[in-house]
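Protein chains: 2
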Amino acid sequence: MIKVINIKKPGDGSAFEIIERKEKDPVGNELVVDVHFSGINFADIVMRQGLYPDAPPYPFSPGYEISGVVTKLGPEVTKFKVGDRVLAGCHFGGYASEVVLPEWQVKNLPDDWSFEEGAGLTVSFLTAYLTLFDEGRVRSGDKVLIDCATGALGTLCTKMLIPNGVEVHGLTSSAAKKELLEKRGVKAFTHDEFYNDSNLKGYDFILNSQGGTSIKKHYERLGLTGRIVCIGASSAVKQGKRSLLKALKLVLSMPKFNPINLMNDNRGIYGLNALRFFENPEFLSSRMDKFTEFDAKPAIDKAFPYGQVSDAHSYIEQKKSRGKVLLSWK
Amino acid sequence: MIKVINIKKPGDGSAFEIIERKEKDPVGNELVVDVHFSGINFADIVMRQGLYPDAPPYPFSPGYEISGVVTKLGPEVTKFKVGDRVLAGCHFGGYASEVVLPEWQVKNLPDDWSFEEGAGLTVSFLTAYLTLFDEGRVRSGDKVLIDCATGALGTLCTKMLIPNGVEVHGLTSSAAKKELLEKRGVKAFTHDEFYNDSNLKGYDFILNSQGGTSIKKHYERLGLTGRIVCIGASSAVKQGKRSLLKALKLVLSMPKFNPINLMNDNRGIYGLNALRFFENPEFLSSRMDKFTEFDAKPAIDKAFPYGQVSDAHSYIEQKKSRGKVLLSWK
Numbered sequence: 000m001i002k003v004i005n006i007k008k009p010g011d012g013s014a015f016e017i018i019e020r021k022e023k024d025p026v027g028n029e030l031v032v033d034v035h036f037s038g039i040n041f042a043d044i045v046m047r048q049g050l051y052p053d054a055p056p057y058p059f060s061p062g063y064e065i066s067g068v069v070t071k072l073g074p075e076v077t078k079f080k081v082g083d084r085v086l087a088g089c090h091f092g093g094y095a096s097e098v099v100l101p102e103w104q105v106k107n108l109p110d111d112w113s114f115e116e117g118a119g120l121t122v123s124f125l126t127a128y129l130t131l132f133d134e135g136r137v138r139s140g141d142k143v144l145i146d147c148a149t150g151a152l153g154t155l156c157t158k159m160l161i162p163n164g165v166e167v168h169g170l171t172s173s174a175a176k177k178e179l180l181e182k183r184g185v186k187a188f189t190h191d192e193f194y195n196d197s198n199l200k201g202y203d204f205i206l207n208s209q210g211g212t213s214i215k216k217h218y219e220r221l222g223l224t225g226r227i228v229c230i231g232a233s234s235a236v237k238q239g240k241r242s243l244l245k246a247l248k249l250v251l252s253m254p255k256f257n258p259i260n261l262m263n264d265n266r267g268i269y270g271l272n273a274l275r276f277f278e279n280p281e282f283l284s285s286r287m288d289k290f291t292e293f294d295a296k297p298a299i300d301k302a303f304p305y306g307q308v309s310d311a312h313s314y315i316e317q318k319k320s321r322g323k324v325l326l327s328w329k
Numbered sequence: 000m001i002k003v004i005n006i007k008k009p010g011d012g013s014a015f016e017i018i019e020r021k022e023k024d025p026v027g028n029e030l031v032v033d034v035h036f037s038g039i040n041f042a043d044i045v046m047r048q049g050l051y052p053d054a055p056p057y058p059f060s061p062g063y064e065i066s067g068v069v070t071k072l073g074p075e076v077t078k079f080k081v082g083d084r085v086l087a088g089c090h091f092g093g094y095a096s097e098v099v100l101p102e103w104q105v106k107n108l109p110d111d112w113s114f115e116e117g118a119g120l121t122v123s124f125l126t127a128y129l130t131l132f133d134e135g136r137v138r139s140g141d142k143v144l145i146d147c148a149t150g151a152l153g154t155l156c157t158k159m160l161i162p163n164g165v166e167v168h169g170l171t172s173s174a175a176k177k178e179l180l181e182k183r184g185v186k187a188f189t190h191d192e193f194y195n196d197s198n199l200k201g202y203d204f205i206l207n208s209q210g211g212t213s214i215k216k217h218y219e220r221l222g223l224t225g226r227i228v229c230i231g232a233s234s235a236v237k238q239g240k241r242s243l244l245k246a247l248k249l250v251l252s253m254p255k256f257n258p259i260n261l262m263n264d265n266r267g268i269y270g271l272n273a274l275r276f277f278e279n280p281e282f283l284s285s286r287m288d289k290f291t292e293f294d295a296k297p298a299i300d301k302a303f304p305y306g307q308v309s310d311a312h313s314y315i316e317q318k319k320s321r322g323k324v325l326l327s328w329k
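Chains as they are written, first to last, in this note's numbering: chain Z, 0 to 329; chain X, 0 to 329.
Okay, chain Z solo, but in the shape it has when bound:
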């Protein structure tokens, strides 16, 4: 039997249930992965809180990324064999001891990567790559601002940009983390320092993960022909509280952009929701392939046994995490 973690209905840590279901046989180009680790993402928490518009109907199993070993092959699988160490992106359902996935969602885990590292790659890497190189098309010589510089995504962006001749400025909520950023080659500012210094401007690219009123503030700091890419609304979710009112206020506080203002400002604005790319397997698979071109190994903070999933969520919600948080199935 397979163990699956479901979210029964929106709520706090008690919203989870662990169920068992029968193994499925792979068909066509599907393969079965015995899951070692599942990555936890911020979007999972927003879904548990009932605030994620794209979530499936309750109950459902969240989870976008896993690592493990291939145990069964559908008749049309060509690139894998039983026993391969792999990582994979999932369109939900990654919080499970076994997953059945089409071959294109699965990639070989490099020999020098641990299963922990593999489970923490996919979401951050795809978001970073699509944001930086497909939408923003950041290039050497650009000046870039990352508003979530100390998180998994921000850290990865830094590692993908600095070796390619990009100047990276990073924001953090904590003065104590500035030193860490500076060591990585990032020019670091607390949010307060940044908003109080109007000379920090002229950015070619800004990654905005906070949403709400921060979008307009960041937009004002773009240089000529600069672009801002909005990837979420992390400021809606605080300290484990499911705040529908706060989320609503955030949606309403999102500025609207008129093309006439964009013309006068010579600027651009993008949005990204990596989940939607599952509609286009070829595109998504080609982007997943590129992780080997970068030093993309994620920093792992901690793996919680799968039975402690609610502890794992609250660890992230309480901002205790200093790297990727995982669920362990072994």
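Don't take every hint at face value.
What the hints assert, rightly or not - Facing chain X, according to a computed beta carbon distance under 7 Å, are these residues of chain Z, among others: (1) 223; (2) 224; (3) 262.
Just so you know, these hints were derived from the structure itself, not from any lab.
All figures in this text were calculated on a predicted structure; none of them were measured in a lab.
Glycine residues also receive a C-beta, built at the ideal position from the N, C-alpha and C atoms.
Chain Z is fixed; fit chain X onto it per the hints.
For chain X alone, coordinates are given in the frame of chain Z:
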């Protein structure tokens, strides 16, 4: 004495006056150009109609681009000598027999370019370059839509993209012009054909010059991570009629873009107003320099003697032009 064409106040062809004023001596890094030809641009017509928000107070002399010969040098000029054949971008004032400009706005006219060709380059080239390569960052393999494919700007975009491995689709208002576009390697559609065929989609980049409701229609045709760059509102100006009501309607019909929708669509929107780049001489000069990297020679339709400036404007307004229209000062 220098002859200068002014727009006295908003109106039809009678809005022009030709005045004389004394020569000015160049100071600092300025130089004097004896103007051979002045380029006429669509924005000049919108200004004459009184519909251009960035126009100086009336009366003023319009004109963004000229060609001619250097006749005097300020003491700090380093790159030019008297007698040099040049082309230049002007921040207004190009409708004149002589102009005084800072050196950075002036570029050498290549030996195999005529003065006519030189006077028709700057506005189209800067708009094309900034739109395609600074904002849109179009790259090899992209699929691109140009909504003004037969005009000076659209023609230049085509010549800058197709040799670089970009697939170009072009819109034209006239079925008769499709053949011309196809000969240049553009896949051509009339506006009607395009809007009626919902399979024409998946664009990585769309150049929108029409504004208004066309922006939303074009936006819907973008592919994943695609971008639209809005550069104007040409559909507001028709057949020489100064239609304030029409312009107002167009402004009001501009869609507004919410970052949440942009996220769900994985798309971006930019605006461009090349005029604003005069605030940043170094940036603009570096872009003007790049014209020699492309086959950027403009197709010249016709040069009107400067005294026939109102005929020249109405020739463009009546959509008779098949290339660049100039004023001749010789």
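These are the hints, each one checked on the structure:
1. 223: With a closest approach of 6 Å, the residue 223 of chain Z hint holds.
2. 224: Because about 4 Å separates residue 224 of chain Z from the closest Cβ in chain X, which is inside the 7 Å limit, the hint holds.
3. 262: holds, 3 Å
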